[in-house]
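Peer 1: These are the residues of each chain, in order.
Protein chains: 2
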Amino acid sequence: MEVVLLSVNKTRDPALKTLIIDYVGRINHYVKFSMVEIPKINYSNNNKEEQKNKEAIEIKKKIKKNDICILLDENGKSLNSIQFSEHLNRYYCYNKKRLIFLIGGAFGVSKEIYSIIIDEISLSKMTFNHQMIKLFFCEQLYRANTILKNEKYHNE
Amino acid sequence: MEVVLLSVNKTRDPALKTLIIDYVGRINHYVKFSMVEIPKINYSNNNKEEQKNKEAIEIKKKIKKNDICILLDENGKSLNSIQFSEHLNRYYCYNKKRLIFLIGGAFGVSKEIYSIIIDEISLSKMTFNHQMIKLFFCEQLYRANTILKNEKYHNE
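Chains as they are written, first to last, in my numbering: chain A, 1 to 156; chain B, 1001 to 1156.
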């Protein structure tokens, strides 16, 4: 299975990029992992729904019919790292080609995206900078894989 | 009031340091904020309790009698960003000289530290790399201050 982190807006901060790239490398020792970033779309006004709808069009272009799609959102299920690794293991067992974790834009995702996702997971109840969320997710995905392999990274 | 992030183990990763320093600067526009890092103590064995006790000695050296001390721990209260800003505002109103947020070592903190803390807050139920937690906290402290000032950074 291949894991993809699909997100709206590109990571521009070089320090953040450096940290994320390090984790992408580490995760690839366990599972094929890549990041797909949808460039920011510029809007003439500040209409949240319109922005989410335009982002939804771009998100859907990147998702294939048989992908398993999980939304990362602060209103999703709160899991600890062990529980997240168990969820991940369950997704791995679905035996589909791709597992997509989706991070929406600044205003979340449009309603139609909810018909595509099968699960909604929260990394934190707190709202974090959307660029930073990518780093948090990568660290957690790496951690989950080390837990599944009974490796030493995670301390209980 | 002065806010201090007190943590065990120094941040060595230069990219992480860059990101943290940026937030430290931004937070200082709202409140006096600094970070105090206790260097890692090397142990002859892997005894968790002994490690936590040794760390507790160093932690206590950095905490003054009238400090308000909050532990950041995944088992603490889960708050969203708005709730965290409300908590922060309450601490600010205590009118003490220093508000300390404490991040323990890899195995948490020893029992005696719990007699010093007045609150325990969770940034996430998930366990994160302890160096990264500092970055998460700084972003959240910055966000909370912008919320308290009704500024635009936070989107609901």
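If you're looking for bench data, these hints aren't it; they were derived computationally from the structure.
Please note that a few of the clues may not be correct.
Derived pair list, reagent style BS3-like, types lysine-lysine, alpha-carbon separation capped at 25 Å [what the hints assert, rightly or not]: (1) B/Lys1125 - B/Lys1077; (2) B/Lys1149 - A/Lys48; (3) B/Lys1152 - A/Lys48; (4) A/Lys152 - B/Lys1048; (5) B/Lys1032 - B/Lys1054; (6) A/Lys125 - B/Lys1060; (7) B/Lys1097 - B/Lys1125; (8) A/Lys40 - A/Lys96; (9) A/Lys152 - B/Lys1149; (10) A/Lys65 - A/Lys17; (11) B/Lys1054 - A/Lys10; (12) B/Lys1060 - A/Lys152; (13) B/Lys1062 - B/Lys1048; (14) A/Lys125 - B/Lys1062; (15) B/Lys1017 - A/Lys17; (16) A/Lys17 - B/Lys1062; (17) A/Lys77 - B/Lys1125; (18) A/Lys48 - A/Lys97; (19) A/Lys65 - A/Lys32; (20) B/Lys1096 - A/Lys10; (21) B/Lys1152 - B/Lys1111; (22) B/Lys1096 - A/Lys125; (23) B/Lys1054 - A/Lys152; (24) B/Lys1032 - B/Lys1048; (25) A/Lys32 - A/Lys48; (26) A/Lys97 - A/Lys65; (27) B/Lys1077 - A/Lys77; (28) A/Lys17 - A/Lys96; (29) B/Lys1010 - B/Lys1111.
Peer 1: Against each hint, give a clear statement of whether it holds in the structure.
Peer 2: To see whether the hints hold, each was checked on the structure:
no. : hint                  : verdict
1   : B/Lys1125 - B/Lys1077 : holds, 9 Å
2   : B/Lys1149 - A/Lys48   : holds, 23 Å
3   : B/Lys1152 - A/Lys48   : holds, 15 Å
4   : A/Lys152 - B/Lys1048  : holds, 15 Å
5   : B/Lys1032 - B/Lys1054 : violated, 29 Å
6   : A/Lys125 - B/Lys1060  : violated, 30 Å
7   : B/Lys1097 - B/Lys1125 : violated, 30 Å
8   : A/Lys40 - A/Lys96     : violated, 29 Å
9   : A/Lys152 - B/Lys1149  : violated, 43 Å
10  : A/Lys65 - A/Lys17     : violated, 30 Å
11  : B/Lys1054 - A/Lys10   : violated, 43 Å
12  : B/Lys1060 - A/Lys152  : violated, 29 Å
13  : B/Lys1062 - B/Lys1048 : holds, 21 Å
14  : A/Lys125 - B/Lys1062  : violated, 30 Å
15  : B/Lys1017 - A/Lys17   : holds, 13 Å
16  : A/Lys17 - B/Lys1062   : violated, 34 Å
17  : A/Lys77 - B/Lys1125   : holds, 10 Å
18  : A/Lys48 - A/Lys97     : violated, 33 Å
19  : A/Lys65 - A/Lys32     : holds, 19 Å
20  : B/Lys1096 - A/Lys10   : violated, 42 Å
21  : B/Lys1152 - B/Lys1111 : violated, 40 Å
22  : B/Lys1096 - A/Lys125  : violated, 28 Å
23  : B/Lys1054 - A/Lys152  : holds, 22 Å
24  : B/Lys1032 - B/Lys1048 : violated, 34 Å
25  : A/Lys32 - A/Lys48     : violated, 34 Å
26  : A/Lys97 - A/Lys65     : holds, 10 Å
27  : B/Lys1077 - A/Lys77   : holds, 16 Å
28  : A/Lys17 - A/Lys96     : violated, 29 Å
29  : B/Lys1010 - B/Lys1111 : holds, 23 Å
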